[in-house]
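**Q** Start from the sequences and build out the full structure, keeping to the hints where you can.
Residue numbering for the sequence shown follows the numbering used here, starting at 1 and increasing by one per position.
Source of the hints: derived by calculation from the structure; they are not laboratory data.
Every residue gets a Cβ at the ideal spot worked out from N, C-alpha and C, and that includes glycine.
It cannot be assumed that every hint is accurate.
Here are the computed lysine to any residue pairs in the SDA-like style, where the Cα-Cα straight-line distance is at most 25 Å [unchecked claim]:
hint, residue 1, residue 2
1, Lys30, Ile20
2, Lys30, Ala9
3, Lys30, Ser11
Ranges of calculated distance between the beta carbons of each label pair, as one might list FRET restraints [said to hold, decoys possible]:
hint, residue 1, residue 2, range
4, Arg257, Ala69, 28 to 38 Å
5, Arg212, Ala137, 22 to 32 Å
6, Ile67, Gly153, 17 to 27 Å
7, Ile18, Pro83, 26 to 36 Å
8, Asp14, Gln43, 15 to 25 Å
9, Arg238, Ala69, 16 to 26 Å
10, Val68, Ser125, 28 to 38 Å
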Amino acid sequence: MTQKAWRTAISNFDDDTITIGGYRVRDLMKNLDFGGTLFVLYQQRIPSQQESRLLNALMISVVDHGIVAPSAVSRIVAASGVPLQACVAAGILTIGDVHGGAGEQVARRIREWVSEARQAGTALSDKAAEIVAGAKARKEIIEGYGHPLHPAGDERVDTMVEMAREMGLVGPHLELALAIEEQIQARAGRRIPLNVDGAMAAILMDLGFDWRLTRLFVFVPRAAGIAGHAVEETVRERGWRVVATHDDVDYDGPAPREFPSGTDS
1 MTQKAWRTAI SNFDDDTITI GGYRVRDLMK NLDFGGTLFV LYQQRIPSQQ ESRLLNALMI
61 SVVDHGIVAP SAVSRIVAAS GVPLQACVAA GILTIGDVHG GAGEQVARRI REWVSEARQA
121 GTALSDKAAE IVAGAKARKE IIEGYGHPLH PAGDERVDTM VEMAREMGLV GPHLELALAI
181 EEQIQARAGR RIPLNVDGAM AAILMDLGFD WRLTRLFVFV PRAAGIAGHA VEETVRERGW
241 RVVATHDDVD YDGPAPREFP SGTDS
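**A** Written out as structure tokens, the structure is:
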């Protein structure tokens, strides 16, 4: 039999039905919320109510964060009269290793660390001590800890951890992430709290998602916030936003000069 041009285990359709993970979309519409549907989409399973609630909470936590890179860029683009989807795309493109996307690296690493601990029969508290000691010896920063805008801690992280505990959904990845925080504090002499990237990464791994999907759980909800900023910019502002005037820019290039005469270009 000749193999068809496309292959997927995610979704299918015919003249009468659309299915995701084998379930009819009409049944998902009646029985699940958006977070619950993502379990079906990416894990092909119906989640518990607690799992669905926790995933929705993670996405709500990053739906917007004021005027930061994604919203600022989307507003600048919107001020130029660009369609909404392009404004949202522009904002999403600012989510990367430094802003908003660090959770991907954290998820991959913490998954590896938990796997190493299991294979070696090492307690997670001991693994945390090993990780922090190794990072200190190599003078490396452990991603997922500390936030420039929330140095004393982030209420979103506190809420995620609280909900995970109340729902009985604290797994080995979140347990290790919290143990690392304790080890960092013990060695640094001050608290450098688990940040939203680190908490989301750990919980997503405990919920069974592929680490490669981690950024999706940031940019999908943030798209809603970005769209709001783009529309607000269009409705409330005059358009063609000037990003910086002469007074805002410290130019340190060559001073104005004459083009040399007799130059053959």
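**Q** Does the Cβ distance between Arg238 and Ala69 fall inside 16 to 26 Å?
**A** 23 Å, holds
**Q** Run the distance test for Lys30 versus Ala9: straight-line Cα separation, threshold 25 Å.
**A** This hinted pair holds, its Cα atoms lying about 22 Å apart.
**Q** Would you mind confirming whether the straight-line C-alpha gap from Lys30 to Ile20 stays at or under 25 Å?
**A** Holds - the C-alpha atoms of Ile20 and Lys30 are around 14 Å apart, at most 25 Å.
**Q** Against the range 17 to 27 Å, how does the distance between the Cβ atoms of Ile67 and Gly153 compare: consistent or not?
**A** 22 Å, holds
**Q** Just tell me: holds or violated, for the beta carbon distance of Val68 and Ser125 against 28 to 38 Å?
**A** Holds, since Val68 and Ser125 (Cβ atoms, about 35 Å apart) stay within the stated range.
**Q** Does the Cβ distance between Arg212 and Ala137 fall inside 22 to 32 Å?
**A** Holds, at about 30 Å.
**Q** Per the hint of 28 to 38 Å, is the separation of the Cβ atoms of Arg257 and Ala69 within bounds?
**A** 35 Å, holds
**Q** With a cut-off of 25 Å on the C-alpha distance, tell me whether Lys30 and Ser11 pass.
**A** 18 Å, holds
**Q** Okay, Ile18 versus Pro83 on CB: inside 26 to 36 Å?
**A** 27 Å, holds
**Q** So does Asp14 sit 15 to 25 Å from Gln43, Cβ to Cβ?
**A** With Cβ atoms ~24 Å apart, the hint holds.
In this structure, every one of the numbered hints holds.
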